[in-house]
Every structure is written in structure tokens, then in C-alpha cells.
Amino acid sequence: MTETVFFYCFAALAVAGAILTVTMRNAVHCAISLIASLGGVAGLYLMLHAEFLFAVQIVLYIGGIMVLFLFVIMLVNLEAAARERQFHRSWVGGLLCAGGTGAMLAWFWLRGAGTLRLPPAVQPTPREGGNVESLAMVLFRDYLVPFELASLLLLVAIVGGVMMAKKRI
Amino acid sequence: MSEWFSQPWLIPLIVGACILLLSPLAVAFTVLLERKVLADMQARLGPMRVGPQGLLQTIADAVKLLMKEDTVPAEANRILFRLSPVVTFFTAATALTVIPFSGRFQVTDTNVALLVITAMSSVGILGIILGGWSSNSHYSLLGGLRSGAQLISYEVALGLSLVCGVMMANTLSMQGIVQAQMERGVWFAFDNFGLMLIPTMIFLIASVAETNRAPFDLPEAESELVAGFHTEYSGFRWGVYMLSEYISMFAIGSVLVTLFFGGWLRPFPNVAWLEIPFNYGAPVVIFGGFGLLCFYLTRKQPIRGYALGLAGVGALLWVAALVFLIPAFNREAAPVFWWALKLVTVLYLFIWLRGTFPRYRYDQLMNVGWKVLIPTALGAILLNAVVGMARAAR
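So the protein sequences, as listed, match chains A and B.
Using numbering that gives the first Met the number 0, the letters of the first sequence map in sequence onto residues 0 to 168.
Using numbering that gives the first Met the number 0, the letters of the second sequence map in sequence onto residues 0 to 393.
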């Protein structure tokens, strides 16, 4: 019962935050809505017993990325950005596209509902130790090479970013 | 009645209430300690007028803050202006909930407790940045931007030095970290042939920067930015910012104490015969000593009421010292005492640093953070990992 209530709270927070992110006019308000949305997702992680993911979501997304977002938003000229019309004419076209895609998806889903099978809910497998340990085992033992390749990709992105930002190094 | 006492939610509830109710009081006396210690370092007396030896000065200040007019700048973003101090306060207070005050007294211990503290301190930045932005003042904005840049930079060094401690403990749970130090029989600061002193120092430096304290108090550098991000705040909201700054000092100091200095363990936790002299002797010596100091200072009070008050404080300290001699009380209270003693030592260190070092320039701050602390922390991780594995293999 409590879990259900919490689930709906977090889900509502995530969805409402996401909607407000794209509808608010002030860029800082958008960023704060996005923070709320990310916080809701973090809460959902916590309800799935993924404590590590919860903490990392908060540290990285809210504490790192969103702080940098706010940082940049404050540095740019907010006045000019706020004065620009954010709901311009093409919203009719956008609504049509979104509606069409939704209708198409709904049609396919209705036609093929029999063949569509959601996998049964996965029970969390309690491994030795906690959530952090099992994640470490997966990342650093079972899938070490893909993990390192991904970090190499990030390194390339960092070097590229520095190269673009700095003319002379 | 007895089953009521053994409920699992009872201790978390009491400890949580204590955190919320006692931390403002603890902050008040930390501020007093800071003013007194700084005054002593600068050959002054510090606050002396309100209460005996100025003991009630910060209480009076708090009352004054509550009475002051709460102004909001006309062009400010009102909602965010009101929300920001709240964010800062609640993140700081939430970080305290996973700190183990003793083996028993703790609100909760999750298996990612250390990460929760880092998460809370990184969310706390938002309160500062938004407070700086929503005031709609240039000084505030500059302070907020500086603080954002500074906290993000030093959080990296802080996290990397935490990794060293976590490698030694093999867990992220705060109680687990203390248990690991008990099993190894050495505080992590002195483990690995003293190599762990490097991350300890890095953590100390980065935590001074994380809590916006001198010599890294660039976000509120009063000689350039008036008061930085809280320039426009007054009265109670300003008080909440101060309060949360000191509470986050408690939290981060507790992390330092727990991860590197044994948390609530007494010194030499594995030497059994030291238990009686340490657990009984230290509180008696400290409380009794301060009690004697109070009795000595009663003679120097200007009015009779102050002398009586100070004698009362001394008597209370003596009562505390005597209560620590009761074995049943001592068993539960001695760990809390050791935690508090270590935390006060760390706080004293923070104050000492503030009294000693001039403020860094902004570019120096960034250089120290990115070019010295982070590479050193990475090297320390590598070194400690290699040495630790070699020791484990042997």
C-alpha cells in the first residue's frame, strides 16, 4: 500500500516535472522542473531497490549536470531568451505529428495486442552483499571490456570538447 | 511499556528529533566557539558581554535574527528566493541522518550511506546557486556562480579521496566502515603504512572548500562581493543559510571522522585493557576540567548573576562527568562522546584554518582544485590500491 502511494507520488513528480520542463517560459524554472523530474526518477530507482543507481542519479544528474545547466543559463542573457516567443506557429504541425504517431502506435498495439507480451515482473535477485557489490561484479568482472570501451568513448568526447573550446593548448 | 521501548522505529525517531532540535543549538555554540577561538588567535577577548564570558551571545544573536524584518528585493524571483534556503537546510540536515553517532544511535544506515551524503551535499549547491540567482543582484549572482564552480570542482577531489577510504572498508555503509576499522584495529587515516594520510589530507582540504569556509570562502568573499550569494537575504532566511552552512560542516566533519578517524570508536579500539581508562577517564577529565575552568572564571565575573550562572554551568559539567561514571550509561554514551570529541576537534581545525590562512584568489582556487588535488587524489587511489592488494595477498 505504502509502496503504491510512493510509486504514484514519484511517478507524478517525474511526469509533471517533464511536462513543466517543456512548457515553462523562464529557463531557470525549466531547469528546476527538470530537477524535480530527475528526482522523481531517482525515487523510482529507490523503489526498485537500486540504491546505488538512486544515489548516482542524484549525484550526477541533479548535483552535477543540472548545476552546470543552471550555471550556463545564468551566464547567458536570460532577458532576451525569455522575450522570445516559445510557442510559435509550428505547434499545430507538432501536435499533428505527435497525434499521428500516437494514433499509429495505438492502432498497431490494438491490432497486435495478442502477440504483444510483456515479460513477467523480474524479482530482484539478492546476490551476496548489497546492490553496490553486485553492480561492481557485473561492471568490472562480467562486462569489463564494454565498460572500459564506454569510458574510452567518454574520454574521446572530453578531449574533443577541450580541443574545440581551446584554440591553443 | 517494555515492548514499546523495543520498537525498531523508536531510536531513529528520537535521533531524528534530536538532530532537528539540537543541531541549531549546536550551531549556536559552534559559532560562539569560532568567535572565541578566532578572538584568542588575534589576541582579543571576543564576545564578553551577553552572559558570563559571552556564553549567551549567539543565543541573543539568534533571537535578534528572528525579530528582524524579512526583506525580499522588489525584482527578486519570490518563489525561488524563499525556496533556496530551505533546499540548503534540508539537504544538510538529511546528510546528518546517515551519520552513525554510535553503534546504536543512528537514524538509518543504508548500504549507500556515503553516497547519500555526497548526493545531499551536491544537491545543497542548488540552494546556493538559486539563492544567488533569484536575488536579482550582481553580487549575489557572482557569488552563486563562484560557489557553483568551486563546489563542483572540489566535489571531484572529495569523491576521489572517499574512494580510497571505501577501498579499505569494502563497503559504503557508514556502520560498515566503522566496523571495518574495528576489525583492522587501525583508523584508516593511518592505514597502509601511513599512505592513507594523503587522501585524508585531500579530504580535509576539499571539505573546507565544500563547506564554503575560509580560506576557500570565495562565494561570500566580503571584500569583493559584499556577502556573496546571500547579500540580499536578511533576518530569518539569512539565519537559515548560516545554520545550514554549519550543519553541513557537522555532516562533512562526521564523514571525515567516520571514514578516516574511526567514527565512534575510542582510540586503540582493539586494546581491551584501555577500555576502562579511556571510556571512563576521558569524559571525566574533559567535563571535569571544563567544570573547574568555569569555577575558576566565576571570580572574574563583573556581576553576581554571571558568577552564579557560570557556577551553575560548572556544576552541570561536573554532573555530566559523574553521570559518565555509571557503567550502564557509559556503555551507551561513551561512543557518542568519542564521536563528538573527534567532531569538535575537526571543527576546531576548520576554525584554526580560518584564523590562519588568507583567502585564495579565484584562479588559485581553481588551480589548486584541478591541477593539484585531483591528480594527487588519483595517484593516492592507485598507490593505496596497489599497496592494499599487496598486503591482502601476503
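Worth flagging that the hints you see were computed from the coordinates, not collected in a lab.
It should be emphasised that the depicted structure is a prediction, and the values quoted were computed from it without experimental measurement.
Treat the hints with care, as some may be off.
Calculated lysine-lysine pairs in the PhoX-like style (CA-CA distance at most 25 angstroms, straight line) [to be verified]:
1. Lys370(B) / Lys35(B)
2. Lys165(A) / Lys370(B)
3. Lys35(B) / Lys166(A)
4. Lys63(B) / Lys35(B)
Against the structure, the hints come out as follows:
no., hint, verdict
1, Lys370(B) / Lys35(B), "35 angstroms, violated"
2, Lys165(A) / Lys370(B), "17 angstroms, holds"
3, Lys35(B) / Lys166(A), "51 angstroms, violated"
4, Lys63(B) / Lys35(B), "20 angstroms, holds"
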